[in-house]
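If you're matching them up, the sequences are chains A and B in order. So in the working numbering, the last one in the first sequence is 390, and the numbering has no gaps at all. So in the working numbering, the last one in the second sequence is 131, and the numbering has no gaps at all.
Rather than coming from a laboratory, the hints here were simulated on the basis of the structure. One or more of the hints may lead you astray.
Pairs of lysine-lysine, DSBU-like flavour, derived with a Cα cap of 30 Å [stated by the list, open to error]: (1) A:LYS307 with A:LYS278; (2) A:LYS6 with A:LYS251; (3) A:LYS251 with B:LYS117; (4) B:LYS56 with A:LYS302; (5) B:LYS56 with A:LYS251; (6) A:LYS304 with B:LYS34; (7) A:LYS251 with B:LYS107; (8) B:LYS113 with A:LYS251; (9) A:LYS34 with B:LYS113; (10) B:LYS117 with A:LYS302; (11) A:LYS307 with B:LYS113.
Computed footprint of chain B on chain A; a stretch qualifies when at least three of its residues, placed anywhere within it, have a C-beta under 8 Å from a C-beta of chain B [claimed, not checked]: (12) 128–142; (13) 199–209.
Cβ atoms here follow ideal geometry from the backbone N, Cα and C, with glycine treated the same way.
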Amino acid sequence: MSIKGKAYIAGIYEHPTRLATDISLAQIHAQVAKGALDDAGLSKDDVDGYFCAGDAPGLGPMSMVEYMGLKPRHVDSTDTGGSSYLLHVAHAAEAIAMGKCKVALITLAGRPRAEGMATGTVPRSRGGTPTPDEPFEFPYGPTVVNMYAMCAMRHMHEFGTTAEQLAWIKVAASHHAQYNEHALLRDVVTVEQVINSPMISDPLHRLDCCVITDGGGAMVVVAPEIAAKLKRPKVKLIGAGEFVKTQMGGKVDLTYSGARFSGATAFAEAGVKPSDMKYVSIYDSFTITVLMQLEDLGFAEKGKGGKLVADGNLISGTGKLPFNTDGGGLCSNHPANRGGLTKVLEAVRQLRGEAHPKVQVKNCDLALAHGTGGSLGLRHGSGTVILERE
Amino acid sequence: MADTKERKLPAPSVSAETQAYWDAAAKGKLLVRKCTSCGELHHYPRTICPFCFSDKTEWIEASGKGTIYSYSVMRRAPVPYAMAYVTLAEGPRMVTNIVDCDFNKLKCEQPVKVVFKPTDGGPPLPMFTPA
Chain A
1 MSIKGKAYIA GIYEHPTRLA TDISLAQIHA QVAKGALDDA GLSKDDVDGY
51 FCAGDAPGLG PMSMVEYMGL KPRHVDSTDT GGSSYLLHVA HAAEAIAMGK
101 CKVALITLAG RPRAEGMATG TVPRSRGGTP TPDEPFEFPY GPTVVNMYAM
151 CAMRHMHEFG TTAEQLAWIK VAASHHAQYN EHALLRDVVT VEQVINSPMI
201 SDPLHRLDCC VITDGGGAMV VVAPEIAAKL KRPKVKLIGA GEFVKTQMGG
251 KVDLTYSGAR FSGATAFAEA GVKPSDMKYV SIYDSFTITV LMQLEDLGFA
301 EKGKGGKLVA DGNLISGTGK LPFNTDGGGL CSNHPANRGG LTKVLEAVRQ
351 LRGEAHPKVQ VKNCDLALAH GTGGSLGLRH GSGTVILERE
Chain B
1 MADTKERKLP APSVSAETQA YWDAAAKGKL LVRKCTSCGE LHHYPRTICP
51 FCFSDKTEWI EASGKGTIYS YSVMRRAPVP YAMAYVTLAE GPRMVTNIVD
101 CDFNKLKCEQ PVKVVFKPTD GGPPLPMFTP A
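The shape of chain A in the complex, shown without the other chains (with noise of 0.2 Å):
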């Protein structure tokens, strides 16, 4: 059984705010869900599957089922960070697919901003009882930056890729991020500007990194009797998978991430492979997360991410591998500092032919989203979902 064809992407919503000081969190994730809903031409009363991870209020699901006067009878909350939305889309389809519910709401939000949490360069504990992990990492300091910085760190050990060639991805998402109002950062930068930013942590420099917003998204994913129905483009599921990469008991390879796991997982179901891809939303928290999940996803060898990346062949019009239209994590934002839901959004707007005209991929048919959630250089969780315009 697969969950190809199974499910259409029905509805999107992304929260314009990027910095969310007067609205609660609750709040955010009603309004985004309300805004997909309406996307969609749905209601409330239609849903009856709800997914949502860790950034929602409450335990699991069940404060905003109530807060928002839900009656699903499916529900689910896997949390793999930032790439919990990508597993949602798989999931809710797999749950369409046994019946089990037709209309299914996904909603992230979060305040980061506006509650002043320093993201990426403190070290955090979780609190309550530690993880197994816990007691050999964190003492030593390990934070989002530095753990990403040391994936990068190796990667240009071992396959001599460069610092410019990282901030070529961040100068393709500003090329893309000027076009689009809410982007937080709406300047095109420069390779130069990347490499002379201050350095965070070796060998990431400011710029390196994504930015920090408040706001979220939501998505409703339904059956196809459901998607036949109404009146959007079609964009359906042909392919998913997951994955989650550790230390491995001290094996540890910082050199790749389980997209190698996830994306060749989505490829095989859904039948096509990294070249009949006309877009791609690729999680950007950090440059040299791109450039890994681009190589594992099989757009490059092992290696030689660096080459793919460079001198513009991620900006769409004139590269070859149009990328995170919309500005991405990188530019435009990062919601609850968990990025997976608005690389899907993006990637429907593609395939819809609603993205911004100047970045409008020309007849994107087919286009592929991925995310990583947790570190990088710790442990952490892939998802890939490949979309279809039909």
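With the hints as your guide, set chain B onto chain A.
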């Protein structure tokens, strides 16, 4: 120039499963866990082998020698420090810090040796310095 500024290190939380590891650290010894069923060493230490799932595991003392697998100097911290993965001579790679050295001269594959640094009210942490 050596890094002379002191950073306060939080105490690791000790459990019954890992008590011996931290007791040894207090005596200046680095332990790794070995599976007597499949022969593999692993880190961080567990009572059930993550490779073959056998419960026949035991502590062995590591030489304290290793090489830097990767590192990153956290510049944007009140006291900059060097995060690292060190490949122990015995095989496993562990999360650690590189200390008592010029951070600007660190390199992947550089030989290092273990040192123990005091924590805030807990057992000391194994860290590494250029050999």
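Would you list, in rising numerical order, the hints stated earlier that this structure does not obey? 2, 4, 6, 9, 10, 11
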